[in-house]
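Q: Below, each chain spelled out in residue letters.
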Amino acid sequence: MSALKEWFTRLLGTFRRPATDLDDELAFHREMLVEKLRAEGRSLEESRRLAAIQLGGATQIQEAYRDQRNLPFLETLMQDVRYGVRVLRRSPGFTTAAVLTLALGIGANTAIFTIVDAVLLRPLPFSEPDRLVTVGDREPDGTSSNVGYVTLAEWRERSRTFAALTLMRSWQPTLFVNGEAERLAAVRVSWNYFDMMQVRPALGRTFTPDEDKPDRWRVVMLSDALWRRRFGADPSIVGRTIVMNDREYRVVGVLPPTFQPLDAAKFYTAAEIWAPLGYDAAFRDACRGCRHLRAFGRLKPGVSLEQATAEMNALREQQRRENPNEYEDGSIAVVPLQRAITGDVRTALFVLLAAVAFVLLIACANVANLLIARSLVRQREIVLRTVLGAARSRIVRQLMTESAILSVAGAVLGVVLAAFTVRVLAGVAPVSLPRLEEAAVDGRVLAFAALLTAVCALLFGIAPAFRSGRTGAQQALAIDSRTSTGGASRARSFLVVADLALALVLLAGAGLMLRTVSQLTKANPGFNPSHVLTLQFSLVGKVYAEDPAVVAFQDQFVQRVRALPGVESVALAGQIPFGGNYDCRGFHARGFMKANTIDDPCIETYGVTPDYLRVMGIHLRGGRFFDERDTASGQQVLVVSETTAREVWGGANPIGTEVRIGSADEGPWRTVVGVVADAHHADVTTPVSASLYMPQTQFTESYLVAVVKTATSDPASLAPPVRAVIRELDPATPVFGIATLESLVADAGAQHVFVMQLLSGFAAVAVLLASIGLYGVVSYTVAQRTREVGIRVALGAKRADVVRLVLSRGAGLVVVGLGAGLVAALLATRFLGSLVFGVSPEDPITFTTAVGVLTVVALGAHLIPVRRALRVDPATALRQE
Amino acid sequence: MTQPKSDVLQGTLDLMVLKTLDTLGAMHGYGIAQRIQQISGNLLQLNQWTLYPALLRLEQRGWITAKWGTSENNRRAKFYSLTRAGRKQLEREAADWMRIVEVMARVLSPGEVM
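Chains as they are written, first to last, in this note's numbering: chain A, 119 to 999; chain B, 637 to 750.
Hints are computed from structural coordinates only; laboratory data are not their basis.
Note that the structure is predicted; figures quoted are calculated from it, not measured.
One should not assume that every hint holds.
As the list claims (entries may be wrong) - Cross-link-like lysine to aspartate or glutamate pairs, in silico, EDC-like; alpha carbons within 20 Å at most: (1) K123(A) <-> D650(B); (2) K640(A) <-> E860(A); (3) K703(B) <-> D142(A).
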């Protein structure tokens with residue numbers, strides 16, 4: 119304690135003005151001594167002399183006293199800082215260049231780290247989030263798939279590693295308040311879901327087990343936002359009923375504003391209203407094969423992922439033995455919720471983080487380069503200080519302090535830059551970055567920036583500082599600008615080579631992403647997205663309880679929209695490609711079924727109206743598509759895609775054969791009447807999947823997507839008239855999800871575009887910095903060799919010889935730099951992994967172009983030095999020394 | 637000067653100052669120096685200036701306080717006095733010191749076997 123107190127007082131002492139107390143005290147001491155000595159009978163002079171001896175030297179005392187009064191190292195540091203700031207202010211050009219370079223490097227790193235931190239590193243905002251997982255059959259990419267209700271019910275009974283297991287499913291309720299309809303973002307969850315998440319409601323309570331049953335589940339919990347938006351934050355809302363889809367729901371609770379539905383947002387929608395799942399084992403959709411539910415769990419304390427996975431695999435095996443027709447061969451994936459939510463973007467963000475680290479390295483190399491150049495200029499000053507008795511350590515410390523000042527200035531500017539950049543990036547980033555809106559410069563980010571600053575200062579400060587500190591006095595006094603630069607020149611050359619190599623890696627990465635984006639835009643999704651408007655609506659409520667009512671609405675809608683001016687064709691579908699939904703159904707072709715029908719393929723299903731093919735521009739390959747013949751009571755028909763035909767019938771013509779959809783044992787046999795071209799369902803980067811089409815008349819769906827092809831005009835301009843048609847038909851039907859098909863396709867590639875844009879930006883910065891570094895080294899060489907150039911010119915060298923002389927210096931560096939960069943880039947680009955599409959990570963075109971671009975830039979960096987060398991006047995050059 | 641005077645041992649000056657202030661009450665630097673020299677029977681060569689950084693250190697640690705006052709011959713002088721924490725520190729250090737002395741005495745006494 120007392121030591122701490124002393125240290126603190128001394129810290130304060132460093133910044134306070136020294137007191138004059140000591141002088142008075144010493145004067146008193148001296149006088150008393152003199153008096154005493156005189157009293158012993160000595161002369162005044164003798165007494166004064168003896169007193170001075172006994173007391174000691176005044177300066178010595180003052181110094182010892184001051185060292186005790188404050189912290190000497192801090193005092194020196196402040197001196198160094200003051201001196202450093204003065205020195206740096208005296209060369210504003212150098213200081214500006216260094217600070218800006220560092221600000222760029224530190225700013226870019228801080229910005230990307232801010233995003234990585236918010237999206238990937240920060241724990242999810244739930245209680246003990248690392249125990250939360252998703253569970254399901256392992257997909258090829260390591261994620262977990264959906265499960266059936268009964269499967270999970272058995273897990274609940276048998277598992278010992280889970281503290282809780284819950285289910286979630288999609289839900290699209292339409293809320294009516296005062297006659298105004300609004301489709302809500304919603305999910306249904308097991309009654310224990312909020313207990314598992316350990317969320318306490320702000321009002322009311324969560325669900326009870328009794329409410330999680332068929333016919334009992336019409337109770338809801340509201341999000342804070344919905345409660346405020348639609349119910350005026352009415353505290354008496356709990357216990358009241360609200361009307362959704364023509365049915366009454368009782369509000370049992372309101373969630374706190376802090377609860378973020380990140381899990382629901384990832385798998386379904388950013389829910390603002392929750393109802394119980396309401397299944398039991400006898401329920402129609404509860405079967406083991408009805409895998410439309412997302413399972414979440416909370417591991418018991420101390421249970422590892424491996425333990426949980428092992429137990430679940432054992433349970434799956436047991437279930438498979440008990441019900442061999444319900445489970446295919448496979449295994450379970452237990453995925454941490456954090457990873458499940460951020461899975462798609464991890465690679466992209468880590469690639470960007472690596473890229474900015476490269477930018478920072480280049481920035482540091484450049485500043486080190488500047489510092490070395492400066493240390494040559496400052497050699498005389500340093501020599502003078504050495505000669506005057508400054509310790510080498512003191513000089514190194516002084517130079518390191520200057521580096522630190524540059525770093526700190528760069529960091530401050532960089533963090534400001536980052537705070538601004540993060541806002542911009544949050545605006546342009548693809549929506550698939552969860553929690554991006556939380557990204558902001560905060561304590562963690564500042565700590566990261568501080569760490570970067572320290573690393574930077576060390577990286578670029580240490581070499582020049584020790585080089586200068588090493589300068590011996592006698593060597594220094596004999597200083598000559600040409601004799602003492604060998605080491606410096608080597609160091610600078612190394613830094614330029616590193617610059618070029620790193621720049622090439624970034625350029626190659628950016629090039630690959632550019633090619634990827636171009637491949638994405640060129641890739642044929644299997645349909646023609648141009649001039650197509652899409653919008654969604656749900657036909658819910660008692661009026662639409664029977665299929666004919668829905669079909670009648672559909673007919674009316676299609677007829678009226680087709681009559682609108684500017685509309686070329688219109689269709690309705692249960693789902694569309696790139697719409698973000700999946701709806702695969704078991705496909706059982708007569709004569710082509712597997713021994714165990716659970717092993718029959720699950721095929722993406724589209725229920726559509728007849729003009730769907732025309733609107734989407736999907737080609738018919740054989741047979742026919744749907745028309746007015748295909749009524750509800752007519753022959754049950756089906757159209758398949760080419761991939762389906764190939765995979766199921768193995769090349770044989772499927773037209774005329776029969777298929778059961780969903781269950782192999784029940785439901786109508788549907789006749790295949792046509793084959794159409796393949797269309798990508800989710801994005802063009804995954805292989806095209808098999809699909810099947812059924813007419814809405816025979817496979818009626820209430821959740822519908824309208825697709826409208828326009829003749830020439832902007833498809834978005836058709837949204838208002840199409841909405842008007844729906845309002846005329848049924849004012850209580852809300853319309854949502856209005857988008858052009860082109861924008862849906864673009865959104866699917868948004869992540870690639872985002873990475874491409876950022877990488878290109880970083881690569882541009884890297885190339886710029888590298889060329890500046892190269893320019894610095896070459897022009898310095900030229901300046902040094904002015905005399906040599908002069909002599910050569912005087913001896914009759916031609917202009918070409920001079921150019922060759924200058925280029926020879928830089929060319930070596932460029933070749934070595936690009937060579938090293940090529941090797942590094944070949945190793946680095948493979949980490950782009952799934953971010954690269956349609957182009958090999960070793961794509962020769964990209965690499966050649968990158969090398970070409972850097973070569974041109976490197977030549978450009980030689981231009982000014984070459985011109986300067988050509989202007990050398992032999993007479994002046996020779997007189998220079 | 638029959639016997640060589642020893643320098644003040646590192647760390648013991650603090651203890652001596654504390655003990656002096658404990659005995660004398662409030663006292664100025666000169667008085668403390670005289671007292672230490674006198675008590676030590678002139679066996680100790682005290683560089684009197686070393687006293688002042690030591691006094692500052694003790695003050696910074698909160699063991700003594702300083703106040704300007706008037707000396708016995710009517711001059712302005714800075715008087716130091718022991719604080720409560722200082723008195724505790726003195727007790728602790730004195731006890732430590734005595735223990736060391738005791739141990740060293742035993743170790744160095746010729747007759748006893750360890």
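Q: The structure should be examined with respect to each hint, and the outcome stated for every one.
A: Hint check results:
no. : hint                : in the structure
1   : K123(A) <-> D650(B) : holds (17 Å)
2   : K640(A) <-> E860(A) : holds (13 Å)
3   : K703(B) <-> D142(A) : holds (13 Å)
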